[in-house]
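The letter at position 134 of the sequence shown is residue 134 when you use full-length UniProt numbering, and the numbering goes up by one with no holes.
Just so you know, these hints were derived from the structure itself, not from any lab. This one's a predicted model, so the numbers in the text were calculated from it and none came from an experiment. Heads up, the beta-carbon is just placed ideally off N, CA and C, and yes, glycines get one too. Please note that the accuracy of each hint is not assured.
Listed next, the in silico SDA-like pairs over lysine to any residue satisfying Cα-Cα at most 20 angstroms (straight line) [stated by the list, open to error]:
hint : residue 1 : residue 2
1    : K305      : E235
2    : K305      : A171
3    : K305      : L254
Label pairs and their in silico Cβ distance ranges [what the hints assert, rightly or not]:
hint : residue 1 : residue 2 : range
4    : S88       : V5        : 31 to 39 angstroms
5    : L4        : A247      : 25 to 33 angstroms
6    : L4        : F187      : 31 to 39 angstroms
7    : I346      : L172      : 36 to 44 angstroms
8    : S198      : V145      : 46 to 54 angstroms
9    : A154      : S198      : 53 to 61 angstroms
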Amino acid sequence: MKTLVWLILDSSSILADIINYTLLSFLLWQDGQSVSLILQFNLIVFTSLLMSSVVSGTLQFILGTRLMFVAGMLMHAGIAWFAYMHSSELSSHLTVVALAYGFANAAIQNAKNIMGLTMIPVAEMVSYSSRKEIIMSAGSVATPVITSVLIQNAGYPFSFQIMAGVFACIALMSIVLKSKRITNQRFIVPQLLTRTLSVPSIRSLALIHISIAISGVFGWGLLNIIILDVLGSLEGWTSVSTALAAAGIVIALLLKSVKTRERSKSKSIIVLSSLLYATAPILLLSSFTRELFIVFTFVKLIYDKTNFIVTYNYLSQIEQRDPDFDQHKLSFQIFNSFFMSAGRLIPVGILLLLPADLLNINTLILGFSFVALAPLLFARAYDREFQGGYLD
Numbered sequence: 001m002k003t004l005v006w007l008i009l010d011s012s013s014i015l016a017d018i019i020n021y022t023l024l025s026f027l028l029w030q031d032g033q034s035v036s037l038i039l040q041f042n043l044i045v046f047t048s049l050l051m052s053s054v055v056s057g058t059l060q061f062i063l064g065t066r067l068m069f070v071a072g073m074l075m076h077a078g079i080a081w082f083a084y085m086h087s088s089e090l091s092s093h094l095t096v097v098a099l100a101y102g103f104a105n106a107a108i109q110n111a112k113n114i115m116g117l118t119m120i121p122v123a124e125m126v127s128y129s130s131r132k133e134i135i136m137s138a139g140s141v142a143t144p145v146i147t148s149v150l151i152q153n154a155g156y157p158f159s160f161q162i163m164a165g166v167f168a169c170i171a172l173m174s175i176v177l178k179s180k181r182i183t184n185q186r187f188i189v190p191q192l193l194t195r196t197l198s199v200p201s202i203r204s205l206a207l208i209h210i211s212i213a214i215s216g217v218f219g220w221g222l223l224n225i226i227i228l229d230v231l232g233s234l235e236g237w238t239s240v241s242t243a244l245a246a247a248g249i250v251i252a253l254l255l256k257s258v259k260t261r262e263r264s265k266s267k268s269i270i271v272l273s274s275l276l277y278a279t280a281p282i283l284l285l286s287s288f289t290r291e292l293f294i295v296f297t298f299v300k301l302i303y304d305k306t307n308f309i310v311t312y313n314y315l316s317q318i319e320q321r322d323p324d325f326d327q328h329k330l331s332f333q334i335f336n337s338f339f340m341s342a343g344r345l346i347p348v349g350i351l352l353l354l355p356a357d358l359l360n361i362n363t364l365i366l367g368f369s370f371v372a373l374a375p376l377l378f379a380r381a382y383d384r385e386f387q388g389g390y391l392d
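All chains, please: the whole structure from these sequences, using the hints.
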């Protein structure tokens with residue numbers, strides 16, 4: 001029963017976060033349709049994530065993972081309620097909302113993985129992952145529809161009220177859910193950060209996380225804004241986003257057949273999808289049509305799923321080469337979150353350095369071409385880990 005409750009909480013927290021972030025992005029976009037404003041919002045969120053990943057992770061050693069998860073959920077509820085109270089002037093409170101959002105997400109991300117270890121018996125891990133994948137697949141298709149229905153029928157203020165209630169319910173349910181406290185964790189984050197300079201495998205772990213973050217950065221609300229702007233209506237965004245989610249399920253199922261021991265096959269898949277994705281935006285800008293844009297979004301989907309699913313098969317293996325991994329799980333989680341946040345900052349920061357007249361939808365689309373090359377730029381790190389290697 002406890003595993004089932006945690007499955008519901010785990011999945012619903014992810015889907016609620018996606019809906020809330022989309023609502024925030026769309027409301028900010030509605031206020032002037034400024035690419036610069038959306039980039040600023042993302043930059044502050046990523047900066048907050050970077051700082052908070054270490055702070056919230058350290059607090060888990062003191063306060064416990066469940067308390068940090070509850071705190072993160074209540075903070076999300078507070079953000080949604082704040083957006084409801086200030087929906088007509090949200091852009092004026094951009095910094096406060098973005099900083100709070102980053103801390104809330106860092107607290108939740110660091111806590112969830114560790115809580116899962118205490119909630120799910122080892123014998124049920126495979127079953128749990130399968131059930132979660134089914135729920136998330138269905139949820140990914142339903143999320144654009146739910147978001148559209150909320151905006152069209154409830155409006156932004158009431159939609160944020162609903163989301164505040166959802167986050168508060170998740171927090172309350174997690175309070176009553178009993179979980180074991182992990183007491184054998186050792187805090188080795190400073191050592192891990194230091195070893196990125198001297199230990200090749202740790203450095204590869206950091207670089208691969210940066211690569212994943214860079215290549216996936218435009219999924220954080222920016223792609224939704226581009227789709228909404230190009231198609232010109234919420235209905236068009238809903239249709240394309242729902243179709244993308246459905247296609248994502250098919251791609252994920254196909255990629256599940258790729259075994260971790262098939263290293264050359266995995267490398268080939270990542271390289272080919274990266275080159276295809278890097279070329280697509282250039283072709284799109286040379287002859288921009290809605291049809292080509294929709295094709296481009298599907299190319300991005302193939303790349304995202306390929307890079308995420310195939311690469312993550314190996315990241316867990318790198319960590320588990322540590323002979324004391326059971327005592328270092330939380331530290332590895334903080335370490336990974338830190339470099340993921342750092343990676344997201346790079347492309348958004350570069351875009352914000354451009355002159356204001358260059359910050360438009362076409363620039364964002366061209367930006368996709370550059371972030372797609374991240375796995376190729378960090379090819380040496382991938383090459384080392386796809387061949388094997390050790391922590392020491």
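- Task: Take the C-alpha atoms of K305 and E235, compute the straight-line distance between them, and say whether it is at most 20 angstroms.
- Result: Violated - the C-alpha atoms of E235 and K305 are around 25 angstroms apart, more than 20 angstroms.
- Message: If I claimed the Cβ atoms of A154 and S198 lie 53 to 61 angstroms apart, would that claim hold in this structure?
- Response: This hint holds: roughly 54 angstroms between Cβ atoms.
- Taking only the CA atoms, is the gap from K305 to L254 under or equal to 20 angstroms? At roughly 10 angstroms apart (the allowed maximum being 20 angstroms), L254 and K305 satisfy the hint.
- Given the hint of 46 to 54 angstroms, check if S198 and V145 actually sit that far apart at their C-beta atoms. holds, 50 angstroms
- Cβ-Cβ distance between L4 and F187: within 31 to 39 angstroms? holds, 32 angstroms
- Could you say whether the range 36 to 44 angstroms given as a hint is met by the Cβ separation of I346 and L172? Hint holds: Cβ distance 38 angstroms, inside 36 to 44 angstroms.
- Query: Is the hinted pair K305 and A171 satisfied, with a Cα-Cα distance of at most 20 angstroms?
  - Reply: Violated, because 30 angstroms separates the two Cα atoms, which is more than 20 angstroms.
- Message: Quick check on a hinted range of 25 to 33 angstroms for L4 and A247, using CB atoms only.
- Response: holds, 29 angstroms
- In this structure, is the beta-carbon distance linking S88 and V5 contained in 31 to 39 angstroms? Given a distance of about 38 angstroms, which is inside 31 to 39 angstroms, the answer is holds.
Hint compliance for this structure: hints 1 and 2 are not met, and every other hint is.
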